[in-house]
Amino acid sequence: MTSIQDILEDLRVTASLKGCLVMMHDGIVVATALDRSLEGDVVSGLTSFLTSTLRRVLTESGLGGFTSLTVHSTHGKVLMVDIGTSYLVVTTNQFGRLDLSMPEIQEAALQLRRLSRISL
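Its first residue numbered 0, the sequence shown is counted upward by one per residue in numbering that gives the first Met the number 0.
Hint data in this document are derived by calculation from the structure and do not stem from the laboratory. Quick reminder that beta carbons are idealized off the backbone N, C-alpha and C, glycines included. Incorrect hints may have been included.
[Unchecked claim] Cβ pair distances, simulated, as ranges:
no., residue 1, residue 2, range
1, Thr13, Thr58, 33 to 39 Å
2, Gln93, Ser60, 28 to 34 Å
3, Thr73, Ile27, 16 to 22 Å
4, Gln93, Arg116, 18 to 24 Å
5, Thr84, Leu57, 17 to 23 Å
6, Leu109, Thr73, 30 to 36 Å
7, Asp34, Arg55, 28 to 34 Å
8, Gly26, Arg116, 37 to 43 Å
9, Gly63, Glu38, 30 to 36 Å
10, Gly61, Gln93, 33 to 39 Å
11, Thr58, Gly26, 14 to 20 Å
12, Asp5, Ser51, 26 to 32 Å
13, Asp34, Gly61, 35 to 41 Å
14, Glu8, Ser60, 19 to 25 Å
Construct the entire structure; sequences and hints are all you get.
Shown next, in the form of C-alpha cells:
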C-alpha cells in the first residue's frame, strides 16, 4: 500500500510543485513534501487561518461548505483541497500552472481520501 508520504513526494515531482502537505482541519500537519524554502508550520498556519475563516463565513451566510480554495499571490499560488478529515495543500511559484497540474492533484486527493477511509 502506498503511504501518505509517497503520494506527496510523487505529486511534488510529477506536478513540478514547490511543495505539498496534508494537514488535519485543526492545523496539525500529517506529512509534508516541501521545498527547502518552505516551512510546514507556516504553510499549515496560513491554511488553517484561511480555511477556518472561510468555513465560518460560508456557514453564517448559509452557503454551505467548500471543496477547494486557491490563493494567488505575488510570489506563488496555494491550493487547498478538502479531502474529508484533512486538507491537501499544494504550493507553486508565481509561474506555476495549477491548471496543468490539476489531474495529478485530483488523483493524489482521491488516493489520500481512500487512505483516510482505510486508516479510520
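Here is what the structure says about each hint:
no. : hint                       : result
1   : Thr13 / Thr58: 33 to 39 Å  : holds, 35 Å
2   : Gln93 / Ser60: 28 to 34 Å  : holds, 31 Å
3   : Thr73 / Ile27: 16 to 22 Å  : violated, 29 Å
4   : Gln93 / Arg116: 18 to 24 Å : violated, 36 Å
5   : Thr84 / Leu57: 17 to 23 Å  : holds, 18 Å
6   : Leu109 / Thr73: 30 to 36 Å : holds, 31 Å
7   : Asp34 / Arg55: 28 to 34 Å  : holds, 31 Å
8   : Gly26 / Arg116: 37 to 43 Å : violated, 22 Å
9   : Gly63 / Glu38: 30 to 36 Å  : holds, 32 Å
10  : Gly61 / Gln93: 33 to 39 Å  : holds, 35 Å
11  : Thr58 / Gly26: 14 to 20 Å  : holds, 18 Å
12  : Asp5 / Ser51: 26 to 32 Å   : holds, 29 Å
13  : Asp34 / Gly61: 35 to 41 Å  : holds, 39 Å
14  : Glu8 / Ser60: 19 to 25 Å   : violated, 38 Å
In the structure shown, a violation is registered for the earlier hints numbered 3, 4, 8, 14, in ascending order.
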